[in-house]
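2 protein chains.
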Amino acid sequence: MPAKRSGKLYLVPAPLDFGCAVQAPLTDALPAGTLATAARLTHWLCENAKSARAYLKRIDELHPLAAALREQQIVELPREVHKKGDAGFDAKPLLAAAVEGHDIGLLSEAGMPAIADPGSSVVRAAHELGIAVMPLVGPVSLLLALAASGLNGQNFAFVGYLPQEPTARVLRIRELEALALKLGQSQLFIETPYRNAAMWRSLVTTLQPSTRLAVGSGLTLPQAMARGLQVVQWKLEGVPVVNDTPAVFAIGR
Amino acid sequence: MPAKRSGKLYLVPAPLDFGCAVQAPLTDALPAGTLATAARLTHWLCENAKSARAYLKRIDELHPLAAALREQQIVELPREVHKKGDAGFDAKPLLAAAVEGHDIGLLSEAGMPAIADPGSSVVRAAHELGIAVMPLVGPVSLLLALAASGLNGQNFAFVGYLPQEPTARVLRIRELEALALKLGQSQLFIETPYRNAAMWRSLVTTLQPSTRLAVGSGLTLPQAMARGLQVVQWKLEGVPVVNDTPAVFAIGR
Numbered sequence: 070m071p072a073k074r075s076g077k078l079y080l081v082p083a084p085l086d087f088g089c090a091v092q093a094p095l096t097d098a099l100p101a102g103t104l105a106t107a108a109r110l111t112h113w114l115c116e117n118a119k120s121a122r123a124y125l126k127r128i129d130e131l132h133p134l135a136a137a138l139r140e141q142q143i144v145e146l147p148r149e150v151h152k153k154g155d156a157g158f159d160a161k162p163l164l165a166a167a168v169e170g171h172d173i174g175l176l177s178e179a180g181m182p183a184i185a186d187p188g189s190s191v192v193r194a195a196h197e198l199g200i201a202v203m204p205l206v207g208p209v210s211l212l213l214a215l216a217a218s219g220l221n222g223q224n225f226a227f228v229g230y231l232p233q234e235p236t237a238r239v240l241r242i243r244e245l246e247a248l249a250l251k252l253g254q255s256q257l258f259i260e261t262p263y264r265n266a267a268m269w270r271s272l273v274t275t276l277q278p279s280t281r282l283a284v285g286s287g288l289t290l291p292q293a294m295a296r297g298l299q300v301v302q303w304k305l306e307g308v309p310v311v312n313d314t315p316a317v318f319a320i321g322r
Numbered sequence: 070m071p072a073k074r075s076g077k078l079y080l081v082p083a084p085l086d087f088g089c090a091v092q093a094p095l096t097d098a099l100p101a102g103t104l105a106t107a108a109r110l111t112h113w114l115c116e117n118a119k120s121a122r123a124y125l126k127r128i129d130e131l132h133p134l135a136a137a138l139r140e141q142q143i144v145e146l147p148r149e150v151h152k153k154g155d156a157g158f159d160a161k162p163l164l165a166a167a168v169e170g171h172d173i174g175l176l177s178e179a180g181m182p183a184i185a186d187p188g189s190s191v192v193r194a195a196h197e198l199g200i201a202v203m204p205l206v207g208p209v210s211l212l213l214a215l216a217a218s219g220l221n222g223q224n225f226a227f228v229g230y231l232p233q234e235p236t237a238r239v240l241r242i243r244e245l246e247a248l249a250l251k252l253g254q255s256q257l258f259i260e261t262p263y264r265n266a267a268m269w270r271s272l273v274t275t276l277q278p279s280t281r282l283a284v285g286s287g288l289t290l291p292q293a294m295a296r297g298l299q300v301v302q303w304k305l306e307g308v309p310v311v312n313d314t315p316a317v318f319a320i321g322r
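First to last, the protein sequences are chains A and B.
Note that the first sequence covers residues 70 to 322 in my numbering.
Note that the second sequence covers residues 70 to 322 in my numbering.
Just to be clear, a hint being listed does not mean it is correct.
Chain copies aren't distinguished; within one or between two, either way the pair holds.
Unchecked claim - In silico PhoX-like pairs for lysine-lysine, Cα to Cα no more than 25 Å straight-line:
1. K251 <-> K77
2. K304 <-> K152
3. K77 <-> K126
4. K153 <-> K126
5. K304 <-> K77
6. K304 <-> K161
7. K251 <-> K153
8. K304 <-> K119
9. K119 <-> K152
10. K77 <-> K161
11. K251 <-> K152
12. K126 <-> K251
Since the hints were made in silico from the structure, they are not lab data.
Given the sequences, and given the hints that come with them, work out the whole structure.
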């Protein structure tokens, strides 16, 4: 049962312009309610303290922070979580401040923490400690890309990264296509930006002509691009401009 | 290829308080950028014209609409799409205004259009007509629930509704549990609010004690609740308060 005075764990989304040369206004992608809540927090768990501070600085320009940047308690998730994932990691010690009564914000580099990013072990630990978990609204690249794909959004899966090794990658693409066609379940996945064009070539050469293939990149940013077509149409239209921007790919029928 | 003067299709998210007695401020769940874009649109495709007007009225209080409510062109998606789904529906005629150069907004009753809701046929038609698709940021109950579940958010599926018939439902729950345990892929689904408690009983009696089960309901609203525990822990804690509020359920390991 929750201790009477424990703080809450806020899941604070970040904008999707991480690492981009041109940043979009925070108010394009984050509700005032999210920014105001973030501004009053003083304890943070994050992937990277430097980018957390940069984000807080941007928030401060719109909603003055409750504590000066240098007074914010910012703790990075251990390397272990980045490398091995959240499964099996006991994050309860990271929530000591919440047990003591402080609200804590969980941040990822871009988008929603614990979605296509580390953090679920922290949320799991919060539930086990009886700490209330409050997700705040913000951009989620996967869902923006799915909505804009034209593919079935009433049954879908996100499977992370595909194998890099060419043969394994082709097998995985065929497996995902079979699932998409058989179940009508759209299959979403991501790729490291500099490999976007290679991923694209693997997809259009491996998938059947009538299979639908969609890509969304730079969503919420000035360079936003979302497009979904049958593979046969893509072959006529050519490779979309997705290089160097995080992209979400989707296969469907 | 896009016609030079065609309008764009904006995917406009709606707040999650549809049908709720108490509404939360729009600014809690929608970025100023989304509201400002919606305010300048004058052509709409929606599930229900009455609720689209009610939403526009709320937007108007914060960002004055470019055209008075009575001058807005609001077109409902045909019954066919609600009943049979988007597959096979040709929505190109609904985009005539965009072909003529007007930007169009696509709206669902709550959350993101085309995600766990109709609308993907409209997006598909836009891509086929070369109309740019612009997804705007807003609340997506599935993703808020997943982030707050403590379950794996790096591999997950959303499968819509489960069967209502008791035997079929139990079989489907077992099938989803097997997928979740075998693949480590969190399985998300939804239920009609008045059946939430019955769904809950089916889940705790059917799932294995060590399986993780999470529920999120009323997220972004004052009655927000998100909790994820092993089934054995849920049995001690009892049924969560999720009745009468749209809820998202998730099974994972």
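Hints, one by one, checked against the model:
no.: 1; hint: K251 <-> K77; result: neither (42 Å within a copy, 32 Å between copies)
no.: 2; hint: K304 <-> K152; result: neither (37 Å within a copy, 34 Å between copies)
no.: 3; hint: K77 <-> K126; result: within (22 Å within a copy, 34 Å between copies)
no.: 4; hint: K153 <-> K126; result: neither (30 Å within a copy, 49 Å between copies)
no.: 5; hint: K304 <-> K77; result: between (50 Å within a copy, 24 Å between copies)
no.: 6; hint: K304 <-> K161; result: between (50 Å within a copy, 22 Å between copies)
no.: 7; hint: K251 <-> K153; result: between (32 Å within a copy, 18 Å between copies)
no.: 8; hint: K304 <-> K119; result: neither (42 Å within a copy, 42 Å between copies)
no.: 9; hint: K119 <-> K152; result: within (19 Å within a copy, 50 Å between copies)
no.: 10; hint: K77 <-> K161; result: within (13 Å within a copy, 47 Å between copies)
no.: 11; hint: K251 <-> K152; result: between (34 Å within a copy, 21 Å between copies)
no.: 12; hint: K126 <-> K251; result: neither (48 Å within a copy, 43 Å between copies)
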